[in-house]
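Engineer: Please build the complete structure, drawing on both the sequences and the hints.
There are 2 protein chains.
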Amino acid sequence: MDTTVGDLSEREVLRRIAARTGRASAALVGPGDDAAVVAAPAGSVVATTDTLVHGPDFRLAWSRGYDLGWKAAAVNLADVAAMGARPTALLVALAMPADTRIAFVEALADGLREACEALAPGCAVVGGDLTVSDTLTVAVTALGDLEGRAPVLRSGAEPGDVVAIAGELGLAGRGLAILFGRFRDAAGDPVPVDAAALRAGEAALLEAQLRPAPPIGLGAMAAVAGAKAMMDVSDGLALDASRMAEASGVAIDLDPSGLGPDVAAALEGGEDHALLATFAAEPLPPGFRAIGRVREGSGVLVDGAPYDRRGGWDPYADWDARTG
Amino acid sequence: MDTTVGDLSEREVLRRIAARTGRASAALVGPGDDAAVVAAPAGSVVATTDTLVHGPDFRLAWSRGYDLGWKAAAVNLADVAAMGARPTALLVALAMPADTRIAFVEALADGLREACEALAPGCAVVGGDLTVSDTLTVAVTALGDLEGRAPVLRSGAEPGDVVAIAGELGLAGRGLAILFGRFRDAAGDPVPVDAAALRAGEAALLEAQLRPAPPIGLGAMAAVAGAKAMMDVSDGLALDASRMAEASGVAIDLDPSGLGPDVAAALEGGEDHALLATFAAEPLPPGFRAIGRVREGSGVLVDGAPYDRRGGWDPYADWDARTG
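So the protein lines, in turn, are chains A and B. Heads up: the first sequence runs through residues 1 to 324, numbered per the numbering used here. Heads up: the second sequence runs through residues 1 to 324, numbered per the numbering used here.
Honestly, the hints are just simulated from the structure, not real lab data. Watch out, some of these pointers could steer you wrong.
The list makes no distinction among identical chains, and a pair is therefore deemed to hold if it is satisfied within one copy or across any two copies.
[To be verified] Using 25 Å as the maximum straight-line C-alpha spacing, the simulated SDA-like pairs for lysine to any residue come out as follows: (1) K228 / V29; (2) K228 / G249; (3) K228 / D99; (4) K228 / G32; (5) K228 / L28; (6) K228 / E106; (7) K228 / A290; (8) K228 / G30; (9) K228 / P31; (10) K228 / A213; (11) K228 / A281.
Structural biologist: What follows is the structure, encoded as structure tokens:
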């Protein structure tokens with residue numbers, strides 16, 4: 001039960017992972033050879049990579065193996081969706097200490113599979129890599145299919161467009177604040193969440209942080225509906241909208257009445273991986289709600305006034321190993 | 001000059017990397033959006049991922065940033081080539097301590113670019129991810145194009161086939177032995193290589209270990225020439241040939257006269273990333289040389305006798321952080 005990966009051969013660890021990660025419907029060659037081969041019937045492939053590192057990106061006291069696998073899949077699927085594509089396959093590079101329990105790794109594989117099943121049916125792990133490291137690290141690459149459509153870039157927004165969002169804003173950030181505020185010991189180290197200590201609604205905030213469920217399928221739907229610009233909101237709406245504004249050479253004017261009860265959390269909380277898009281006009285496609293307008297100018301406005309709070313997350317500026 | 005990544009914003013570090021990584025000819029959308037888009041004109045994409053972790057996979061006392069970037073590219077390009085494909089694009093997930101010097105990162109980007117230019121022209125970095133970690137980690141994903149051919153798998157070898165190799169055998173392993181044997185201090189920690197202490201020919205062995213140059217272009221040529229099975233030799237010929245034998249349900253009988261002057265190094269040294277292939281008959285395509293025959297049976301034979309020395313490298317079984 002407490003068998004570690006160091007007790008097993010690389011081959012046996014890989015076998016146990018592969019037994020759990022399912023099969024991608026687009027896989028022409030799956031795990032086990034030098035490389036996978038994935039169908040790309042539209043003649044192009046969308047590709048993105050995102051890494052979760054123990055310390056800055058997750059803490060084992062808070063995240064189970066399942067959560068880690070789920071989140072590593074979800075954040076990458078969101079980047080594929082944000083191009084207007086359908087995710088087809090994941091590659092997973094896992095670097096972990098030799099004393100990592102194999103049960104943890106199996107749960108991680110379950111989380112990868114179930115995130116794909118729930119968020120992007122047909123997508124699954126097609127390959128990966130296993131190595132030893134002092135720092136538990138999960139680097140995922142996601143591939144996707146544009147199905148003949150042009151990719152939806154950050155740079156396509158034009159004055160007059162409706163700014164719209166699909167998915168949650170601010171919940172994951174509020175969940176992180178609960179973890180940092182209430183589930184650390186006197187030295188500042190994370191301690192497991194005591195479910196009995198949670199108030200009404202807080203379990204959902206932790207869920208949003210630990211197992212985000214961005215609306216992956218809506219990315220392709222938005223593209224079909226004519227989305228002009230799109231990106232996933234990983235670093236907070238204010239910061240990510242400013243990136244879209246800059247790429248498009250426009251201003252994005254957000255209406256706080258569309259941002260829910262906690263406007264500051266919606267603007268500055270990261271990691272929800274909602275889809276931010278602009279459309280020429282309403283009606284919006286299902287799942288999207290209007291949160292503002294594209295204007296001439298630059299930067300992010302809230303109710304017409306420049307919004308200068310940076311929000312978001314910079315791994316080098318914001319992470320301090322001593323304070324978490 | 002000693003500016004670290006922690007002194008700069010994520011955006012500035014990414015800008016400096018992107019300025020050096022070149023442009024992939026297959027890139028329809030390059031770095032800077034949520035994901036890249038890479039042409040896949042044959043309707044499928046080859047995809048593989050491989051990670052280099054500080055400690056088990058490289059030591060900063062021995063590897064410069066340039067070497068690390070070069071090797072991270074080369075080992076992944078070899079996996080694409082081993083499928084009979086042409087590499088088209090790399091994604092690079094870089095996790096590094098905040099005190100990593102930006103000059104090191106820029107050199108790493110140069111190594112990535114120049115390995116692609118030298119080994120797989122047209123291929124370049126199309127995307128990536130940057131995060132902070134206590135352990136310097138470079139996770140690369142390589143994509144490739146089969147150009148309409150079927151992938152060449154490990155499982156296609158049949159009795160009577162000629163076993164052939166393209167590239168070096170044993171040099172990288174001999175280079176590693178020099179580093180471990182002669183360039184460590186009394187405590188066992190790596191110390192920089194003193195070029196004046198190298199004997200004739202040893203510089204080439206270190207080069208093979210630190211900046212391997214596998215024959216990437218020969219992978220697609222082998223496929224065109226009808227290679228029936230192929231894989232890259234990353235863990236030593238004996239171990240990798242046993243994997244091909246098992247996948248194909250055959251025995252692989254190696255002729256030691258084809259393995260160069262140091263047969264043990266050729267059989268057991270890893271990390272050369274030569275291409276091991278089988279062909280129905282000679283003549284072999286340019287760059288390949290015969291090293292044996294496929295037989296009925298199982299396992300690896302040398303001169304007709306079973307070869308049971310395992311060789312190769314298992315990250316969990318073989319790495320000990322204390323002894324290196």
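Engineer: Should K228 paired with A290 be assigned to within, between, both, or neither, using CA atoms and 25 Å as the limit?
Structural biologist: Intra 14 Å, inter 56 Å, cutoff 25 Å: intra-copy only.
Engineer: Measure nothing new, just compare the shortest in-copy and cross-copy C-alpha distances for K228 and L28 to 25 Å and report within, between, both or neither.
Structural biologist: Close across copies (17 Å), not inside one copy (33 Å); limit 25 Å.
Engineer: Quick one: K228 to A281, C-alpha cut-off 25 Å, is that within a copy, between copies, both, or neither?
Structural biologist: Only inside one copy: K228 and A281 sit 10 Å apart there, 56 Å across copies, limit 25 Å.
Engineer: From the Cα coordinates, with 25 Å as the cut-off, is the pair K228 and G249 best called within, between, both, or neither?
Structural biologist: Classified as within; 13 Å inside a copy, 53 Å across copies.
Engineer: As a check of your reading, is K228 near D99 (CA-CA no more than 25 Å) within one copy, between copies, both or neither?
Structural biologist: Neither way: K228 and D99 sit 48 Å apart in one copy and 40 Å across, limit 25 Å.
Engineer: Is it within a copy, between copies, both, or neither that the alpha carbon of K228 lies no farther than 25 Å from that of A213?
Structural biologist: This pair counts as within: shortest intra-copy Cα distance 24 Å, inter-copy 44 Å.
Engineer: At 25 Å max between alpha carbons, let me know whether K228 reaches G30 within a copy, between copies, both or neither.
Structural biologist: Classified as between: cross-chain Cα gap 18 Å, same-chain 35 Å, threshold 25 Å.
Engineer: From the Cα coordinates, with 25 Å as the cut-off, is the pair K228 and E106 best called within, between, both, or neither?
Structural biologist: Neither, since 40 Å and 34 Å both go past 25 Å.
Engineer: How would you label the pair K228, G32 (within, between, both, or neither) given a Cα cut-off of 25 Å?
Structural biologist: between (40 Å within a copy, 17 Å between copies)
Engineer: Under a CA distance limit of 25 Å, which applies to K228 and P31: within one copy, between copies, both, or neither?
Structural biologist: between (36 Å within a copy, 19 Å between copies)
Engineer: Taking 25 Å as the upper bound on the Cα-Cα distance, should K228 and V29 be classified as within, between, both, or neither?
Structural biologist: between (35 Å within a copy, 16 Å between copies)
Against the hints set out earlier in the document, violations occur for numbers 3, 6.
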